[in-house]
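A.B. asks: Just so you know, the sequences run in chain order A and B.
So for the first sequence, the numbering used here puts the first residue at 1; every next one is plus one.
So for the second sequence, the numbering used here puts the first residue at 1; every next one is plus one.
Hints are supplied without guarantee of correctness; some may be wrong.
To be verified - Label pairs and their calculated CB-CB ranges: (1) L59/A - T126/B: 32 to 38 Å; (2) Q136/A - D313/B: 54 to 60 Å; (3) H127/B - L59/A: 31 to 37 Å; (4) M178/A - T126/B: 54 to 60 Å; (5) E316/B - L59/A: 30 to 36 Å; (6) K161/A - G68/B: 41 to 47 Å; (7) E39/A - L308/B: 49 to 55 Å; (8) K41/B - Q32/A: 47 to 53 Å; (9) E595/B - Q136/A: 52 to 58 Å; (10) I55/B - N163/A: 54 to 60 Å; (11) Q32/A - D69/B: 46 to 52 Å; (12) H28/A - S305/B: 56 to 62 Å; (13) N135/A - K704/B: 45 to 51 Å.
Hints in this document: simulated from the structure, not taken from any laboratory.
Glycine is no exception: its CB is placed at the ideal position from the N, C-alpha and C atoms.
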Amino acid sequence: MLVRVAVIVFPGSNCDRDMHHVLTDVFHLQSQLVWHTDELPNNIDAIVLPGGFSYGDRLRAGVIAAHSPAIVSVRKMAEKGIPILGVCNGFQILVESGLLPGALLKNTSLSYICKWTEIIVKNNKTPFTNKFKLNQKIPIAIANGEGRYYADKETLRLLKKNNQIVFTYAEDVNGATMKIAGICNKEGNVVGMMPHPERSAEQIINPRDAKPASMIFKSLLETLGVTA
Amino acid sequence: MSLTPQELDYLQKKIGREPNSVELQIVAAEWSEHCSYKSSKKHLKILPREGKRVISGPGYDSGVLDVGDGYVVTVHIESHNHPSAVEPYGGAATGVGGVIRDILSAGTRPIAILDGLRFGNIEKDTHARWLFKNAVRGIADYGNCLGIPTVGGEIEFDKCFTNYALVDVASVGFGKKERLVQNRADPDDWIVLLGGSTGRDGIGGSQFASDKLESENRSAVQIPDPFIEKLVIEAILEARNQQCIKAMKDLGGGGLSCAISETADALSVGIDLDVSLIHKREQNMSPTELMVSESQERMLVITSSEKLQTLKDICEKLHVPYSIVGQVTNNSMMQIKSQKEIVANLPSNVVANAPLLDRTSSKPKYLENISTIKKPKVPNLSHILLTMLSNPNIASKLWVYTQYDHEVGIRTVIKPGQDASVLRLDNGKFLSVKIDGNSKHCYINPRQGVIGCFDEACRNVICTGATPIGMVDHLQFGNPEDPEIFWTFKESVEGITEYAKYFDIPCVGGKVSLYNETNDGPIKPTPLIGVLGLIEGKPLIPMKAKRNDLIVLVGVTKDELGGSEYYEYVHEITGGRCPTVDMKSSKTIQRTVLEIIHRNLTKAVHDCSKGGLGVSLSELCITNEIGCLVSLDKVPSEKLREDEVLFSESHSRFLLIVDPSKIKNVKSLLEQNKVQHEIIGKFSGKAISFKNKSKMVASVRIDKAQEKWLNSLGLLVSHG
């Protein structure tokens with residue numbers, strides 16, 4: 001079975017090629033970079049919104065890209081239940097487009113933070129976490145300036161009730177509400193996360209252990225019925 | 001802002017008439033020190049530029065090195081000192097942008113940024129602190145947005161940089177050899193200006209940078225826009241893939257005046273340009289303003305008639321503004337029009353080649369007595385070790401590099417904070433990169449100082465298992481019209497040449513920055529050396545030291561504390577004997593250490609330099625979270641006091657962490673090559689301890705040392 005993952009490229013995306021490399025060269029998926037104004041190819045099995053600075057973070061991170069033609073198709077795919085992952089700026093775009101609830105604010109340090117940390121799996125039912133045990137830790141790279149997840153009380157209540165909190169940080173890295181690092185929609189097929197799995201899934205560049213981060217991609221393979 | 005009477009005479013003779021005012025401004029921009037190298041060019045000729053990996057071509061703005069399997073790396077270094085001293089955020093950001101476009105000009109993708117930053121005493125001087133914080137933020141905002149990792153660099157604070165800033169940026173590119181831009185042009189080819197629009201920012205920037213900094217000329221500082229730069233990078237690389245680029249040049253200092261004249265001269269063609277066709281951000285700009293504006297994020301591309309449409313399509317798809325501004329001609333003139341009116345018509349080789357100067361030089365008087373100093377009393381060394389670890393020049397630069405995205409591009413194998421940074425390449429090899437400078441050493445001995453920086457940069461890449469394959473230099477001095485300053489410049493160039501030849505490391509690029517002075521006087525001589533190393537096998541990724549692992553010190557510790565952090569920071573002494581490099585023994589040491597690494601006999605190697613043995617060993621203990629017990633009496637050294645053994649900054653020394661089972665092999669290799677070395681102690685316990693025979697000389701708890709070293713810089717800047 002030919003599995004195809006679309007990596008959407010916005011003006012200013014800068015982790016698109018990294019994601020493409022990991023999907024194709026490390027996990028041997030058929031990945032395709034798709035420019036934000038182009039039509040999505042037919043028979044797409046999953047979509048990734050990569051990290052970067054779409055539109056230079058003008059106005060607010062992700063807000064302009066959220067009005068891009070590609071998001072119309074992403075929305076349709078989301079409704080169909082296709083697995084969609086937004087990483088870093090991709091997460092910001094998903095939030096700005098309303099596909100995920102809450103907001104991403106400036107880090108409490110008011111600085112960009114690039115470092116290695118650990119996240120904890122809080123929902124292992126999503127297409128990107130189904131191979132994890134609950135509360136399993138993942139050493140992972142973070143790199144963002146507006147990465148502090150925020151949600152009001154009511155949203156938080158719903159997030160908890162519907163099991164939408166997917167990852168939390170093991171330490172308080174940026175002041176995020178409940179140390180949230182990643183969430184999903186109610187249906188669970190759309191996942192957004194600030195940390196970068198594509199930077200963490202190869203041992204040569206991961207100063208700790210790359211196996212846990214690689215399970216994010218292996219979970220996707222499992223979801224799509226690919227036997228590794 | 002204008003030509004000297006002699007230069008004007010020369011120009012008139014060359015063109016056989018009076019230049020008009022537009023022509024005068026074009027020539028003044030190009031003949032500025034910044035663009036023309038008129039003081040330095042004669043002396044730079046001695047640098048060795050040939051090497052088996054060096055690929056040279058006409059008009060390359062960056063050095064190109066063959067790394068095998070059809071791949072090349074490119075490298076370039078530049079500074080943006082004057083603008084950063086006035087407006088640190090924009091100055092530092094556009095400094096990044098400029099050097100990135102030089103890498104792009106060769107047709108390679110920029111894959112790494114390194115920066116060298118210098119400011120006044122940030123502990124006491126809040127203005128210096130402001131400059132520092134904003135320069136770091138400028139680099140972070142620009143580099144992070146581009147998605148090019150900032151993987152390393154170095155930072156120095158010294159009173160000589162008060163009210164000033166040195167912001168040096170080096171960049172590395174990577175690509176396929178067959179896709180290098182060939183830089184050729186034929187008559188009727190099109191001149192396309194693409195990227196950012198042209199405005200009135202950065203007018204006269206190159207002349208501003210060619211004089212001492214007296215007034216805050218803000219209009220000469222350019223405005224950064226990393227988003228446009230990112231679009232330009234992708235458009236250029238796509239255009240390269242579709243063979244749309246016959247020749248290319250970045251617009252930097254001197255703006256279009258420089259880009260047009262240098263391109264026409266390098267390619268031996270003429271260029272007709274109509275400034276009215278340029279896409280602008282301001283109205284009613286005069287032809288002169290358009291020719292000398294240094295607005296950022298602009299590239300000049302020469303393309304054929306057949307490929308023009310493809311190039312336009314690429315720009316439109318990727319939202320990159322462009323204008324088709326002229327054509328290549330078969331004469332050698334640069335003819336500038338504004339609609340139908342010819343506003344300038346000059347032979348490009350005259351514009352591109354300023355008359356060179358013969359500057360006089362004389363040995364500075366301050367050097368006569370610099371080596372004689374009164375030695376300080378030996379203080380409490382445990383206390384001093386902690387002081388040294390919290391010294392902003394030595395403390396961890398974590399606060400800086402966590403603001404830089406150093407992971408994007410997923411190449412960064414060895415991260416910032418180590419001896420050198422290592423990037424993986426697509427052919428399975430690894431590239432190790434490091435820049436080093438030391439104004440304190442170079443002030444005391446300009447020649448030995450720069451040789452030391454070169455040796456240190458080589459040692460740093462060797463620590464990762466790499467063999468040096470090329471270098472770049474950035475020569476920063478005060479006013480070259482001062483013979484004493486010019487002497488230090490010449491010494492520097494000669495020192496670099498001597499080392500480069502002895503070690504067979506070609507100089508593949510560089511830059512000269514003069515007039516680095518304020519009303520308080522010139523900076524100390526501050527040449528910066530960047531070294532690229534190649535790893536054909538595996539890099540040495542430091543392994544964690546365990547209890548009872550042995551510490552081997554390679555090299556000799558000498559009475560060389562002149563310019564050391566111990567003298568300067570602790571005792572406020574400027575003077576003494578500056579560390580010198582014995583090239584023959586340094587070469588043997590470097591080779592032997594590389595062999596030890598390649599034979600997999602060591603867990604980690606750390607260069608012993610700034611702060612000396614005391615600091616280097618503390619850094620190892622802190623990063624490995626384990627104490628050590630070291631015997632100073634075992635250190636191979638001249639006859640020295642305890643504080644001197646601890647803090648001398650003698651070159652050509654390495655610290656090796658060796659598993660006891662491998663020590664025999666390590667020792668026999670060192671002995672075979674007659675390299676002086678000793679097992680000076682081992683890792684154990686929770687304190688960093690130095691003893692002399694049976695007496696304890698200094699002992700500091702590891703958690704205390706860690707706290708000072710890791711947090712000092714961050715605490716300092718976050719409190720104002």
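A.B. asks: With reference to the structure, classify each hint as holding or not holding.
C.D. replies: How the hints compare with the structure:
no. : hint                        : verdict
1   : L59/A - T126/B: 32 to 38 Å  : holds (33 Å)
2   : Q136/A - D313/B: 54 to 60 Å : violated (48 Å)
3   : H127/B - L59/A: 31 to 37 Å  : holds (33 Å)
4   : M178/A - T126/B: 54 to 60 Å : violated (38 Å)
5   : E316/B - L59/A: 30 to 36 Å  : violated (23 Å)
6   : K161/A - G68/B: 41 to 47 Å  : violated (58 Å)
7   : E39/A - L308/B: 49 to 55 Å  : violated (28 Å)
8   : K41/B - Q32/A: 47 to 53 Å   : holds (50 Å)
9   : E595/B - Q136/A: 52 to 58 Å : violated (43 Å)
10  : I55/B - N163/A: 54 to 60 Å  : holds (57 Å)
11  : Q32/A - D69/B: 46 to 52 Å   : violated (27 Å)
12  : H28/A - S305/B: 56 to 62 Å  : violated (43 Å)
13  : N135/A - K704/B: 45 to 51 Å : violated (35 Å)
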